[in-house]
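Q: If you read the sequence shown in our numbering, its first letter stands for residue 497, the second for the next number, and so on.
Hints in this document: simulated from the structure, not taken from any laboratory.
Check before you lean on any hint, since a few could be wrong.
[What the hints assert, rightly or not] 20 Å max Cα-Cα, derived EDC-like pairs, lysine to aspartate or glutamate:
{"hint": "1", "residue 1": "591", "residue 2": "650"}
{"hint": "2", "residue 1": "591", "residue 2": "641"}
{"hint": "3", "residue 1": "603", "residue 2": "573"}
{"hint": "4", "residue 1": "603", "residue 2": "505"}
{"hint": "5", "residue 1": "615", "residue 2": "582"}
{"hint": "6", "residue 1": "591", "residue 2": "511"}
{"hint": "7", "residue 1": "508", "residue 2": "631"}
{"hint": "8", "residue 1": "530", "residue 2": "546"}
{"hint": "9", "residue 1": "603", "residue 2": "629"}
{"hint": "10", "residue 1": "508", "residue 2": "573"}
{"hint": "11", "residue 1": "603", "residue 2": "631"}
{"hint": "12", "residue 1": "530", "residue 2": "544"}
{"hint": "13", "residue 1": "649", "residue 2": "505"}
{"hint": "14", "residue 1": "615", "residue 2": "511"}
{"hint": "15", "residue 1": "615", "residue 2": "519"}
{"hint": "16", "residue 1": "508", "residue 2": "629"}
{"hint": "17", "residue 1": "603", "residue 2": "526"}
{"hint": "18", "residue 1": "603", "residue 2": "519"}
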Amino acid sequence: MPHVINTLEDAKALEGQELGVSDWIVIDQERINKFADATDDHQWIHTDPERAAREFPLGTTCAHGYLTISLIPALIEGMVEFPGLERLINYGINKARFRSMVPSGSKVRMRGTLVSARKRAGALHTVLHCDIEMEGQAKPVASAEIIVMYFLKDL
């Protein structure tokens, strides 16, 4: 069940709490290739499965670290619900770390915690700590502290 946030007080009540864990997403070669096309980052460790099988320690390609982090907005969606949402703005990233490679074909999910919530510039200004986990691995493969501004109808 997603947390429902209608007011600043609703959000403040969740500060320091884990918001939840997302569903798994498969990071397949097609997704990696589309990201490479979108970013012009076609380094062979991401886009050449045959060469990776021969020369790369994983024996397969791996996702771009930025691809892993870029999934955060989609992964948050099932954790929180904002009935009065007019728009949101991804405002920034304070801390991002790529801790481990994500081999093509792996499943990842996100665990999110609300660090802070306050009113700023007519919006709900939130800081969220996000850990990206890979199936079968105990430690997160990536983490980021993101800033999102939620513009709510009655804020």
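Q: Please go over all the hints and tell whether each is borne out by the structure.
A: Hint check:
{"no.": "1", "hint": "591 <-> 650", "in the structure": "violated (31 Å)"}
{"no.": "2", "hint": "591 <-> 641", "in the structure": "holds (5 Å)"}
{"no.": "3", "hint": "603 <-> 573", "in the structure": "holds (18 Å)"}
{"no.": "4", "hint": "603 <-> 505", "in the structure": "violated (35 Å)"}
{"no.": "5", "hint": "615 <-> 582", "in the structure": "holds (15 Å)"}
{"no.": "6", "hint": "591 <-> 511", "in the structure": "holds (18 Å)"}
{"no.": "7", "hint": "508 <-> 631", "in the structure": "violated (31 Å)"}
{"no.": "8", "hint": "530 <-> 546", "in the structure": "holds (18 Å)"}
{"no.": "9", "hint": "603 <-> 629", "in the structure": "holds (8 Å)"}
{"no.": "10", "hint": "508 <-> 573", "in the structure": "holds (19 Å)"}
{"no.": "11", "hint": "603 <-> 631", "in the structure": "holds (6 Å)"}
{"no.": "12", "hint": "530 <-> 544", "in the structure": "holds (13 Å)"}
{"no.": "13", "hint": "649 <-> 505", "in the structure": "holds (15 Å)"}
{"no.": "14", "hint": "615 <-> 511", "in the structure": "holds (14 Å)"}
{"no.": "15", "hint": "615 <-> 519", "in the structure": "violated (29 Å)"}
{"no.": "16", "hint": "508 <-> 629", "in the structure": "violated (26 Å)"}
{"no.": "17", "hint": "603 <-> 526", "in the structure": "holds (14 Å)"}
{"no.": "18", "hint": "603 <-> 519", "in the structure": "holds (10 Å)"}
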